[in-house]
Amino acid sequence: MRHFLVALLLAFAVPAVAAEAPKRGGILTYMIPADAPPSFDGHREVTFATVHSVAPFYSVLIRINPENPASTDDFVCDLCTEMPKAADNGLTYTFKIRTGVKWHDGTTLTAADVAASWNSIVFPAAGVLSARASIYTMVDSITAPDASTVVFKLKFPTGAFLPALADPYAFIYKADILAKDPHWYEKNIMGSGPFKFKAFELGQSISGDRNPDYYMPGLPYLDGFVGIYAPKESTRIDAIRADRAAIEFRGVPPSALTQLQQSLGDKIEVQTSDWNCGDNITINHSKKPFDDVRVRRALALAIDQWHGAPGLAKVATLRTVGGIVFPGSPLAATRAELEKIPGFWPDIEKSRAEAKRLLKEAGAENLSFELLSRNVDQPYKYIGAWAIDEWTKIGLHVTQKVVPTGPWFEAMRSGNFEVVSESACQSVVNPILDVQKFLPSDVSPQNYNQYHDQTQVDLYNKMLHEPDPLKQRAEMRDFETYTLDTQAHTLMILWWYRIVPYRSYVKGWKISPSHFINQDLATVWLDR
Amino acid sequence: MYQYIAKRVLLTIPTLLGAAALVFILMRLIPGDICLVRLGGGGGSFDPKALVACHAEIGVDRPYIVQFVEFIWGLMRFDFGTSMWSGKPVSTEILARLPISLEIALLGTAVAIGIAIPLGTISALKQNTWIDVVVRIFAIGGIATPSFWLGIMSVLMVLDLSAWMTGTPWMPPIDYVPIWKDPIRNLSMAILPAITVGYRYAAVSMRMTRSAMLEVMREDYIRTARAKGLINKLIVNRHALKNALLPVVTLLGIEFAFLIGGLVVTEQVFNLNGVGRLFVLAVQNQDYTLTQALVMLTVVIFVFTNLVVDLLYGWLDPRIHFA
Numbered sequence: 045m046r047h048f049l050v051a052l053l054l055a056f057a058v059p060a061v062a063a064e065a066p067k068r069g070g071i072l073t074y075m076i077p078a079d080a081p082p083s084f085d086g087h088r089e090v091t092f093a094t095v096h097s098v099a100p101f102y103s104v105l106i107r108i109n110p111e112n113p114a115s116t117d118d119f120v121c122d123l124c125t126e127m128p129k130a131a132d133n134g135l136t137y138t139f140k141i142r143t144g145v146k147w148h149d150g151t152t153l154t155a156a157d158v159a160a161s162w163n164s165i166v167f168p169a170a171g172v173l174s175a176r177a178s179i180y181t182m183v184d185s186i187t188a189p190d191a192s193t194v195v196f197k198l199k200f201p202t203g204a205f206l207p208a209l210a211d212p213y214a215f216i217y218k219a220d221i222l223a224k225d226p227h228w229y230e231k232n233i234m235g236s237g238p239f240k241f242k243a244f245e246l247g248q249s250i251s252g253d254r255n256p257d258y259y260m261p262g263l264p265y266l267d268g269f270v271g272i273y274a275p276k277e278s279t280r281i282d283a284i285r286a287d288r289a290a291i292e293f294r295g296v297p298p299s300a301l302t303q304l305q306q307s308l309g310d311k312i313e314v315q316t317s318d319w320n321c322g323d324n325i326t327i328n329h330s331k332k333p334f335d336d337v338r339v340r341r342a343l344a345l346a347i348d349q350w351h352g353a354p355g356l357a358k359v360a361t362l363r364t365v366g367g368i369v370f371p372g373s374p375l376a377a378t379r380a381e382l383e384k385i386p387g388f389w390p391d392i393e394k395s396r397a398e399a400k401r402l403l404k405e406a407g408a409e410n411l412s413f414e415l416l417s418r419n420v421d422q423p424y425k426y427i428g429a430w431a432i433d434e435w436t437k438i439g440l441h442v443t444q445k446v447v448p449t450g451p452w453f454e455a456m457r458s459g460n461f462e463v464v465s466e467s468a469c470q471s472v473v474n475p476i477l478d479v480q481k482f483l484p485s486d487v488s489p490q491n492y493n494q495y496h497d498q499t500q501v502d503l504y505n506k507m508l509h510e511p512d513p514l515k516q517r518a519e520m521r522d523f524e525t526y527t528l529d530t531q532a533h534t535l536m537i538l539w540w541y542r543i544v545p546y547r548s549y550v551k552g553w554k555i556s557p558s559h560f561i562n563q564d565l566a567t568v569w570l571d572r
Numbered sequence: 062m063y064q065y066i067a068k069r070v071l072l073t074i075p076t077l078l079g080a081a082a083l084v085f086i087l088m089r090l091i092p093g094d095i096c097l098v099r100l101g102g103g104g105g106s107f108d109p110k111a112l113v114a115c116h117a118e119i120g121v122d123r124p125y126i127v128q129f130v131e132f133i134w135g136l137m138r139f140d141f142g143t144s145m146w147s148g149k150p151v152s153t154e155i156l157a158r159l160p161i162s163l164e165i166a167l168l169g170t171a172v173a174i175g176i177a178i179p180l181g182t183i184s185a186l187k188q189n190t191w192i193d194v195v196v197r198i199f200a201i202g203g204i205a206t207p208s209f210w211l212g213i214m215s216v217l218m219v220l221d222l223s224a225w226m227t228g229t230p231w232m233p234p235i236d237y238v239p240i241w242k243d244p245i246r247n248l249s250m251a252i253l254p255a256i257t258v259g260y261r262y263a264a265v266s267m268r269m270t271r272s273a274m275l276e277v278m279r280e281d282y283i284r285t286a287r288a289k290g291l292i293n294k295l296i297v298n299r300h301a302l303k304n305a306l307l308p309v310v311t312l313l314g315i316e317f318a319f320l321i322g323g324l325v326v327t328e329q330v331f332n333l334n335g336v337g338r339l340f341v342l343a344v345q346n347q348d349y350t351l352t353q354a355l356v357m358l359t360v361v362i363f364v365f366t367n368l369v370v371d372l373l374y375g376w377l378d379p380r381i382h383f384a
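Chains as they are written, first to last, in this note's numbering: chain F, 45 to 572; chain S, 62 to 384.
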């Protein structure tokens, strides 16, 4: 009976919430946890500070559905009119572009602008920096045969193309401006998005006003927004507490959420999500004894991820056990599949006994080494402390060396480390491209393991060129097993967990697995 | 005196050159690469060609000697170049931050002077009484308390107190507005950091004032003034305090110069977009041009402040002449 009543209540409550009519007006003030973006140009930057600052000013070609941003494959049009079907055996994608879209200067946006922007991203001119050009290796050409059509021709068919096209940094710029000065967008803003640029106070704030000519009917709801830069977490939390700001979109640690909930009660709401940021322990294969796969496997086998995760989730932005693919993706390993891989075995005693046996066999008992880490609290220091404790349980002697970001990178690039703690945050979940990081160092410059392995490259290429999702999933398992088990090239640690608390009067924003996504604020409204 | 000032100004040239060479070398000794921090800081993928393009764009792929000559040539023309991180002129980056740092430094100094000189004097005049003990405890507290802790505590206190009194937590604004645009908003933002900075600064100056006053009060000319029958107020204000202020002014000058670029922690705690925060950011990002310019600025401020302090000596003690 009680269950029936609850179900009845929910049945009435859910439509009531869903039907909540958005209110127009008001200014949203939010915190940006950074000093300021290095530049406004999304094509050249990789920091979230750029997206959180300027995404509301721009349109993109396609994006993850803002009404369903937690999805990993629900792509919808922004500037196009309909998601295209691949033609020509998966080699051609034709996008029809909306008509009547106005730039903020009043002129009309055409397919030529879309093609020019994408050409600038995929085939940057000499002297132009495009941070993600290498993920578009499948693209052969981008053309605009008429004012409302853009055609992407691919070199080979791949399921990685559409997610790559939904990159939240891929702002559409005006072709004329790009032609005159490809660096113009680094210091200036002029888009066709839901908000028009109002002001930028260097290192202080950025603000925008509602674009009355926005092409999405009825949007945006807000009159404007102000983003305030504040690198220090306590300032941001205090600001939300005192209602100087309503939200910080990136994510906060569990302790900050507790603090806000305790002081604000029902005036605070929270959305949470698995975060497309994975932690891994990178092992330098060029340093002995880490050239021995038995030693690398032993390091993985010592770590009890299943029991460590709940404890770490209480203090750090970590939570979910996963393999090399984001746990929410259809290409991710299931728990049963994971439990076959060293480091994920359910019986930790058996796992550690095997680790000790392997170390003994490799002549590396009582091994001592240094774990290099970055001087960023969340989550590096927590992971470092935890991993060291786990390794102690198989008789290893590990010390943690914490260094600033610059020297940390330099040590990894030059191979001047034994074992290093790393994190990688991706935007749109695109496992085929996201796992490129784990390819050998001579193929992927972001892999610092210092090895070459043609078998691993071949496994990857097979998967990259596979258009059938089911076969691709099986090939991803082969690649994952080879990377984490057969060769134990790297150790996956937990995936991050995104916690976004906000003032309860903020409505219409939905969390996604990435802090880069869904930041144009068009659907956000204020209930006050 | 003008000759003295000209000599002092000329002496700053080798000081600046030495500082320039030192900061140039030290910055390049730090392991790391601004382009890697920029492109890989988030941990995501980036195009290796972008790294090469980035190096070429900011000029770090050129020989060190070329970079150094360019830096010195720029200095000679007061051209500090552009920030490697933001691409904006270094002067724009610094000028955007200087007003807030200057304001906090001035307000902090005012708070320090307002507390240190009266309390230091009273403490000396009431030596070994309960008043002296209380003032000394207050001073030691200021020296012992880290500014970041005091800053965080003061914000939390305001938040909790306002929540307790009105039911709604309140905190000062976190976005800077110039004083000429909105004085109330500006001062409500600046007052807490000024007190936080001023308290520590006052504590040091208070102890200096006390010890200088104790020394001066035992001088023969004070005894003579008493023997002449001068009232105590005149003795203290006109004869003792003026002479006791010499070391205090030196200290205040050095502290003021430090405050312009050294409020790193306070600026972080109160979200002040000042020169100190910019300094940390520049070093973290390995932005050579910006760091070099900020070091130069700090050296100039120190040299200039010391010059002003030296000139003040002459006003405070007429026996001092500048040859």
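Take these hints with a grain of salt, some might be off.
[Said to hold, decoys possible] Now the in silico label distances, taken between C-beta atoms and shown as ranges:
#, chain 1, residue 1, chain 2, residue 2, range
1, F, Asp253, S, Gly375, 33 to 43 Å
2, S, Leu87, F, His496, 31 to 41 Å
3, F, Met127, S, Ile126, 47 to 57 Å
4, F, Lys224, S, Arg246, 50 to 60 Å
5, S, His116, F, Thr143, 41 to 51 Å
6, F, Val359, S, Met214, 35 to 45 Å
7, S, Gly79, F, Asp267, 34 to 44 Å
8, F, Ile71, S, Pro207, 32 to 42 Å
9, F, Gly262, S, Arg246, 47 to 57 Å
10, S, Ser223, F, Asp253, 37 to 47 Å
[Claimed, not checked] Derived pair list, reagent style BS3-like, types lysine-lysine, alpha-carbon separation capped at 30 Å:
#, chain 1, residue 1, chain 2, residue 2
11, F, Lys276, F, Lys331
12, S, Lys149, F, Lys224
13, F, Lys231, S, Lys242
14, F, Lys506, S, Lys110
15, F, Lys242, S, Lys110
16, S, Lys110, F, Lys231
17, F, Lys242, S, Lys187
18, F, Lys331, S, Lys110
19, S, Lys187, F, Lys276
20, F, Lys506, F, Lys384
21, S, Lys242, F, Lys276
22, F, Lys224, S, Lys242
23, S, Lys187, F, Lys231
24, F, Lys331, F, Lys224
25, F, Lys197, S, Lys110
26, S, Lys110, F, Lys199
Simulated from the structure, these hints should not be mistaken for laboratory data.
C-beta atoms are modelled at their ideal positions from N, C-alpha and C, and glycine is treated no differently.
- Task: Would you check the hint for F/Lys224 and S/Lys242, treating anything up to 30 Å between C-alpha atoms as holding?
- Result: With a Cα-Cα distance of about 37 Å, the restraint between F/Lys224 and S/Lys242 is violated, given a limit of 30 Å.
- Message: With the threshold set at 30 Å, check whether the alpha-carbon distance from S/Lys149 to F/Lys224 stays at or below it.
- Response: holds (20 Å)
- Query: Holds or violated: are the alpha carbons of S/Lys110 and F/Lys199 at most 30 Å from each other?
  - Reply: OK: S/Lys110 and F/Lys199 at ~20 Å, within 30 Å.
- CA of S/Lys242 to CA of F/Lys276, is that 30 Å or under? Measuring from Cα to Cα gives roughly 26 Å; hence the hint holds.
- Item | Given pair status - F/Lys231, S/Lys187, alpha carbons within 30 Å | violated (61 Å)
- Query: Given the hint that F/Lys331 pairs with F/Lys224, does the C-alpha gap stay at or below 30 Å?
  - Reply: violated (50 Å)
- Query: Does 37 to 47 Å hold as the CB distance between S/Ser223 and F/Asp253, or does it fail?
  - Reply: violated (31 Å)
- Item | Restraint check for F/Lys197 with S/Lys110, where alpha carbons must lie at most 30 Å apart | holds (23 Å)
- Holds or violated: are the alpha carbons of F/Lys242 and S/Lys187 at most 30 Å from each other? violated (59 Å)
- Quickly compare the C-alpha distance for F/Lys506 and F/Lys384 to 30 Å and report which way the hint goes. Holds, at about 23 Å.
- Starting from F/Lys331, check that the Cα of S/Lys110 is at most 30 Å away, please. Given pair F/Lys331, S/Lys110 holds - Cα atoms ~28 Å apart, limit 30 Å.
- Item | Status of the given 47 to 57 Å range, CB of S/Ile126 versus CB of F/Met127 | Given a distance of about 56 Å, which is inside 47 to 57 Å, the answer is holds.
Hint compliance for this structure: hints 1, 4, 6, 7, 9, 10, 11, 15, 17, 19, 22, 23 and 24 are broken, all remaining hints hold.
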